[in-house]
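A.B. asks: Sequence:
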Amino acid sequence: MNVEEKLAELGLSLPQPPKPVAAYVPCVRSGNLIVVSGQLPMAAGQLLFRGRVPSIVDIEQATECARQCTLNALAILKHELGGDWSKLSRVVRVGVFVQCDDGFGGQPQVANGASDLLVALLGDAGRHARAAVGTNALPLDAPVEVEFLFEAAE
Numbered sequence: 075m076n077v078e079e080k081l082a083e084l085g086l087s088l089p090q091p092p093k094p095v096a097a098y099v100p101c102v103r104s105g106n107l108i109v110v111s112g113q114l115p116m117a118a119g120q121l122l123f124r125g126r127v128p129s130i131v132d133i134e135q136a137t138e139c140a141r142q143c144t145l146n147a148l149a150i151l152k153h154e155l156g157g158d159w160s161k162l163s164r165v166v167r168v169g170v171f172v173q174c175d176d177g178f179g180g181q182p183q184v185a186n187g188a189s190d191l192l193v194a195l196l197g198d199a200g201r202h203a204r205a206a207v208g209t210n211a212l213p214l215d216a217p218v219e220v221e222f223l224f225e226a227a228e
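The numbering of the sequence shown is this note's numbering, which starts it at 75 and goes up by one.
Source of the hints: derived by calculation from the structure; they are not laboratory data. Please read these numbers as outputs of a predicted model, since none were measured by experiment. A portion of the hints provided could be inaccurate.
Here are the simulated distance ranges between beta carbons [what the hints assert, rightly or not]:
| id | residue 1 | residue 2 | range |
| --- | --- | --- | --- |
| 1 | R103 | P213 | 40 to 46 Å |
| 2 | D132 | G157 | 33 to 39 Å |
| 3 | T209 | A117 | 17 to 23 Å |
| 4 | N106 | T209 | 28 to 34 Å |
Glycine included, C-beta positions come from ideal geometry on N, C-alpha and C.
Turn these sequences into a full structure, and let the hints steer you where they fit.
C.D. replies: Structure follows, in structure tokens:
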């Protein structure tokens, strides 16, 4: 897997691994599983957008947020893997939380921002199980938060 080349092809790059915003660690490895804590759509230390989907943040912006959460998670994962993407076996699960208006049912569309990017970067190894959930609030008034479970070679 040449993740860096794929990122460049897509005009993307990984940020520095983001620091936790509360009392938790960015990721935990247990055997060959790596859990990356819920990521917010932070870029250059700021949320891309704030508020509920779709009344304040539209679906396209929320999808962009899910992509940014994924880039942040991949930055953490790269650090955990010592920069060696060949150690990554696959994406196991993605959990997407969308701060949304009552009655909104487009969480899967927003979650595709994360899922589509993982498949574009990793091919079949990027295909995963997923949950896309609506909620009334998220930390820092973020519109989206995404958590990840990866499998790595031991």
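A.B. asks: For every hint, state whether the structure bears it out.
C.D. replies: Checked hints:
1. R103 - P213: 40 to 46 Å: Since R103 and P213 have Cβ atoms about 24 Å apart, the given range 40 to 46 Å is violated.
2. D132 - G157: 33 to 39 Å: holds, 36 Å
3. T209 - A117: 17 to 23 Å: holds, 22 Å
4. N106 - T209: 28 to 34 Å: holds, 30 Å
Of the hints listed earlier, the one the structure fails to meet is number 1.
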